[in-house]
Amino acid sequence: MKAHVATRLGAAAALAAAAMAGCDTNEWFPYDDDRPSSTGAWSTGDFGGTGVGGGEGGSGPFLDEQPVHVSPVPPPPISGGTLLVTADKQRVVAADPDRDSVSIINLDTLEVEATLALEPGDEPGRVTEGAAGTAHVALRRGGAVVTIDLATKEAHRRPVCAAPRGVAYDAAAELLHVACAGGELVTLSSDLEAPPVRELRLDRDLRDVVVEGDSLLVSRFRSPELLVVSKDGTVAERLKPPMYVQPKLDRTFEPAVAWRTVPLPAGGVAMVHQRGLVDPIDIGDSPQGSYSGFDCSTVVLQTAVTIMRPLSGGASEPPAAGVGGLSFGLLPVDMAISPDGFRAAVLMAGSREVVETPLDVIEQTDVLDDCFATRDQRSIPVPGEPIAVGYDEAGNLLVQLREPPTVLRFGAVSGQHMATFLLPGESRLDSGHALFHGNADGLMMISCASCHPEGQDDGRTWAFKPIGSRRTQSLAGGVLDTAPLHWDGDMTDLDAIMSDVFEQRMGGPRQSAERVAAFASWLDTIRPVPVSEPADRGAVQRGEALFNDATVACASCHSGETLTNHQTVDVGTGKAFQVPSLRGLAARAPYMHDGCASTLHERFGLCGGGDKHGVTSTLTPAQIDDLVAYLETL
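Just so it is clear: in the sequence shown, position 203 is 203 by my numbering, and no numbers are missing.
No lab work stands behind these hints: they were computed from the structure. There could be a bad hint or two in this list.
Label-pair ranges, simulated between beta-carbon atoms [to be verified]:
| hint | residue 1 | residue 2 | range |
| --- | --- | --- | --- |
| 1 | K575 | R238 | 31 to 37 Å |
| 2 | S499 | V245 | 32 to 38 Å |
| 3 | T234 | S556 | 40 to 46 Å |
| 4 | D108 | V235 | 39 to 45 Å |
| 5 | F464 | E154 | 53 to 59 Å |
| 6 | E393 | D282 | 46 to 52 Å |
| 7 | L175 | T568 | 49 to 55 Å |
| 8 | G213 | P358 | 22 to 28 Å |
Only pairs whose alpha carbons sit at most 20 Å apart, straight line, appear in this in silico DMTMM-like list of lysine to aspartate or glutamate [as the list claims (entries may be wrong)]:
| hint | residue 1 | residue 2 |
| --- | --- | --- |
| 9 | K153 | E119 |
| 10 | K465 | E254 |
| 11 | K89 | D108 |
| 12 | K89 | D392 |
| 13 | K612 | D549 |
| 14 | K153 | D88 |
| 15 | K240 | E254 |
| 16 | K612 | D488 |
| 17 | K465 | D490 |
| 18 | K575 | D611 |
| 19 | K240 | D203 |
All C-beta atoms in this analysis are idealised placements derived from N, C-alpha and C, irrespective of residue type, glycine included.
Between the sequences and the hints, there should be enough to build the whole structure, so can you do that?
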């Protein structure tokens, strides 16, 4: 399969015609096996705004009547960071989590050399380069890492943990490090048949891993933090992006979801993350746009990039963390550093654009005083549904699309589209998936995925007027079957959510009944994070017995397949709240409706409601340990 640069006019005309006809502009790409091996190219200057290719998002403040699509194989939520440009800049390795495959592109011949099929449901994620001529891919739901020989295209699979996330190769030690969502940090040798060299148990929610000298820099996802792991396996430092007070407006934001952490050429890392408003948000009578805001001075979520350089890197004192805000762009799922080390490209999957910014701008200032890019920053709209970004040797941008399966190349200076590499695979176009991640053709400054990253939750507790503090709930594991919805049980069903939350609080356009049905269908496919193997099986068995003991009474409310009775109950916290499902509980800290318990052990402390919330006051500390061990396996 080959891809080459064609005339811009043909593709631009195709996109324009599709947009004028009211069609989803993704559909100008053919999807059958006989599709052409090359496509037209388009310019980012051919269309205004960020809505290019965004026909799935909505059609304005009125009823959305765009065509509705339901993928026969539901695509997973966007995770980002699935693109590798090899060190010699000759190849691109693109992991495709939607189709469970990995494609290898030759940048010299402009050919897609091969596509390797993985097992259904593997969901390949992060990719890193290994020893000469190899690449390692984390299989997010396959519980393994696959090592690919880029010359022979042979692949070898190694089990590693339940939920592999970040991967990094230490060339000096010839070791591969894998960070797992369950908290495991696993080290593998170059011997593909050998058992792991080491397995550490760190904090849960690990995300990316970066090799820096003898240390490993490991990020966490929902609670954005950088763990500096020494050679002996101890955590020597913990770094977090700082709190941010918005100038002139005196609004305070705290760091939130850390989508991507990448190494910097001179040492340290750049972390692209969200930050959420700490101040109360008025939702009385569902004022329009209370969740979204109307511009960068009223949004409740912002995008930021924080530069962090640990002391272990040789600094004599902690450097001031560089924090650059981006006053535009939504859902920053990936980031790449240019070959010259001067620029960062942040992929905004929600607004379908790449924001390029000089790194020195991030280190020196925060640019959220206005709603526009600085003169040195630029936004490049991307057609289709982007999930990952990288740079080639000449500093041209490479953008991977999940739909249609494609890699695009944009000029380093012009930002104009230069080449298209079509990847094989059936369409995974899905209106529910698009509605969850998108911003309704630029009408919204927030998406569902902003607070529910990867279909889970952001780990934040929000302050709402007049109801008080509420922790974001996970959407995984069939949330619609737990109706009524929200902690207060005030939303009877998804229709209520769409009307009161999506339209009113988020400021989105009204959706057709058909699109809401597609949204519901896709939401029900979101799965909890795979559960790690417990350290003590005996403790789990003892904890299960306690959980089901009628005198302890946990199972009196948390029963059935979803481990909830769907009731609204006062468990001693002063008000009746919905009984949440316990599926995927280990990955959902903090706990309780107001996030008062940072760990499951704290749930059985002062803020847990006492014996109205399970009769646990008579349990010994060892029994509480056993009960927690069981809860972490659900």
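Quick rundown of the hints versus the structure:
The supplied range of 31 to 37 Å is met by K575 and R238, whose beta-carbon atoms lie about 35 Å from each other. Between S499 and V245 the Cβ separation comes to about 35 Å, which falls inside the hinted range of 32 to 38 Å. For the pair T234 and S556, the supplied restraint of 40 to 46 Å holds, since their beta-carbon distance comes to about 43 Å. Remark: the range hint 39 to 45 Å for D108 to V235 is upheld by a beta-carbon distance near 43 Å.
For the pair F464 and E154, the beta carbons lie near 54 Å from each other, so the given range of 53 to 59 Å is met. Checked against the hint of 46 to 52 Å, the pair E393 and D282 passes, with Cβ atoms roughly 51 Å apart. The given range of 49 to 55 Å is respected by L175 and T568, whose C-beta atoms sit roughly 51 Å from each other. Between G213 and P358 the C-beta distance comes to about 26 Å, which sits within the given range of 22 to 28 Å.
Distance check on the hinted pair: K153 and E119 sit about 16 Å apart at the alpha-carbon level, within 20 Å; holds. About 19 Å separates the Cα atoms of K465 and E254, which keeps this hinted pair within 20 Å; it holds. For the hint linking K89 to D108, the alpha-carbon distance of about 9 Å falls within 20 Å, and the restraint holds. Proximity of K89 to D392 is assessed by CA-CA distance (about 6 Å); at most 20 Å being required, the pair is judged to hold.
Note on K612 and D549: the hinted pairing holds, with a Cα-Cα distance of about 15 Å set against a maximum of 20 Å. At most 20 Å may separate the alpha-carbon atoms for a hinted pair to count; K153 and D88 meet this at roughly 18 Å. With a CA separation close to 10 Å, the supplied pair K240 and E254 stays within the 20 Å bound. Proximity of K612 to D488 is assessed by CA-CA distance (about 18 Å); at most 20 Å being required, the pair is judged to hold.
As the CA atoms of K465 and D490 are separated by approximately 15 Å, the hinted pair is consistent with the 20 Å bound. Pair hint K575 plus D611 holds up; C-alpha atoms about 15 Å apart against a cutoff of 20 Å. Restraint check: the Cα-Cα separation between K240 and D203 comes to about 14 Å, which is no more than 20 Å; the hinted pair holds.
In summary, the structure agrees with every hint in the numbered list given earlier.
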